[in-house]
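Generate the whole structure from the sequences, applying the supplied hints.
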Amino acid sequence: MRQRGLRTGQAVRFLACFVRECGFRLRKDALLYALIGFYSLGGLIFLGLTGTTEMISYQFYFDQWPAVFAVFLPLMAVIIDLSMLTLRFDRRRPLAYRRVFSARRVASLVSGVLLMMGLMVFQGTFTSIKNALPTLQGGFHYDKIQADIDAWIYFGLDPWRLLHAVAGYDVVLAIVEFNYSAAWFIICFGALFFALTSPAADDIRQRYMLLFLFVWVICGNVLAGMFLSAGPVFYGAVTGDHTRFAALTAFLAQSQWVNSAAHYQSYLWSLYEQGTSGFAGGISAFPSVHVGLTTLNAYFLAERSRGLGIVGFIYVGFIQLSSVYLGWHYAIDG
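With the UniProt record's numbering, the residue at position 271 of the sequence shown is 271, and numbering never jumps.
If you are wondering where the hints come from, they were derived from the structure by calculation, not from laboratory data.
A quick note: this is a predicted structure, and the numbers were derived from the prediction, not measured.
Hints are not guaranteed to be accurate.
Think about it this way: if two alpha-carbon atoms lie no more than 16 Å apart in a straight line, the pair counts; the simulated EDC-like pairs of lysine to aspartate or glutamate are [what the hints assert, rightly or not]:
#1 Lys144 / Asp203
#2 Lys28 / Asp202
#3 Lys28 / Asp241
Each pair of labels, with its calculated beta carbon distance range [what the hints assert, rightly or not]:
#4 Gly48 / Met84: 48 to 56 Å
#5 Thr243 / Ser266: 18 to 26 Å
#6 Thr243 / Leu31: 47 to 55 Å
#7 Trp152 / Ser102: 55 to 63 Å
#8 Gly317 / Phe14: 25 to 33 Å
#9 Glu54 / Ala250: 30 to 38 Å
#10 Val171 / Tyr264: 33 to 41 Å
#11 Gln59 / Gly240: 19 to 27 Å
#12 Leu41 / Glu303: 27 to 35 Å
#13 Ile80 / Trp152: 47 to 55 Å
#14 Arg244 / Met84: 50 to 58 Å
#15 Thr86 / Glu54: 48 to 56 Å
#16 Thr243 / Val222: 30 to 38 Å
#17 Ala247 / Gly317: 41 to 49 Å
By construction, the Cβ of each residue, glycine as well, lies at the ideal position given by its N, Cα and C atoms.
Okay, structure coming up:
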């Protein structure tokens with residue numbers, strides 16, 4: 001009976017501490033929730049006033065986002081914590097166990113997952129606006145000037161030709177495609193999940209989220225809308241000049257990977273032609289959100305250590321070159 005009473009008391013104290021920590025974190029996140037709400041409401045008003053409500057894309061995120069960010073990644077976080085505990089054989093193992101499963105750690109995970117669900121709405125709004133931009137502007141009007149600026153900078157050559165001259169091989173294409181389509185997503189959204197759910201990231205949490213939102217809204221909506229372009233692989237379709245990047249698109253079409261750049265590019269163009277929305281849909285080249293988010297992570301890595309910062313910025317360079325290599329972006333987009 002005494003042990004049962006002790007366990008009950010511990011459970012009550014844990015629950016009280018958990019509720020207190022959750023309340024504290026939710027209050028700290030109030031600004032972030034407000035910004036997400038303001039952006040989403042503004043986006044819906046924008047779509048309504050411009051008659052582009054058919055581009056609303058929330059359902060695609062509601063169907064897939066929770067499985068990744070409310071189930072899979074939290075489960076992986078717990079598994080990783082348990083694995084690290086299992087590998088400890090010193091006297092500090094009980095202390096580590098209490099820290100990993102403390103009310104503060106659990107509250108951090110729960111509040112972070114809740115904020116990730118807020119980002120589900122944010123991403124749905126972003127995609128909806130991105131899908132609507134070409135319709136509102138009657139197509140893409142800045143591809144030729146952006147491609148010409150690229151060629152002027154690189155002495156009359158389109159930059160992709162320089163990259164393919166030294167790395168135009170199937171094995172390189174496979175590596176670059178996997179990194180750009182899969183590894184980048186895991187790294188960037190894994191970093192986001194860590195920043196929102198780990199107590200170790202408390203000192204950067206709000207700054208990271210504010211800059212994360214900034215990259216998507218300012219780069220992905222505002223600047224993209226001001227200088228709307230489709231990118232090299234769509235250059236022929238939007239300008240009528242099918243020869244300039246024909247060799248690039250032919251090279252990309254050789255890929256055998258099911259998630260190849262050519263496959264995804266075909267998916268995006270079919271959505272655009274049909275005037276419909278889709279998960280991670282929308283076409284815009286300038287500026288590159290891929291590069292923007294990678295740069296964000298590089299700066300925060302540099303805060304931790306010089307070595308990590310160097311690795312982070314090397315990866316930024318790799319992503320920027322990859323975006324040109326795969327025909328997603330002009331060199332000036334990075």
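A quick look at each hint next to the structure:
no. : hint                        : result
1   : Lys144 / Asp203             : 44 Å, violated
2   : Lys28 / Asp202              : 11 Å, holds
3   : Lys28 / Asp241              : 52 Å, violated
4   : Gly48 / Met84: 48 to 56 Å   : 49 Å, holds
5   : Thr243 / Ser266: 18 to 26 Å : 20 Å, holds
6   : Thr243 / Leu31: 47 to 55 Å  : 51 Å, holds
7   : Trp152 / Ser102: 55 to 63 Å : 58 Å, holds
8   : Gly317 / Phe14: 25 to 33 Å  : 47 Å, violated
9   : Glu54 / Ala250: 30 to 38 Å  : 34 Å, holds
10  : Val171 / Tyr264: 33 to 41 Å : 20 Å, violated
11  : Gln59 / Gly240: 19 to 27 Å  : 35 Å, violated
12  : Leu41 / Glu303: 27 to 35 Å  : 33 Å, holds
13  : Ile80 / Trp152: 47 to 55 Å  : 49 Å, holds
14  : Arg244 / Met84: 50 to 58 Å  : 52 Å, holds
15  : Thr86 / Glu54: 48 to 56 Å   : 52 Å, holds
16  : Thr243 / Val222: 30 to 38 Å : 33 Å, holds
17  : Ala247 / Gly317: 41 to 49 Å : 24 Å, violated
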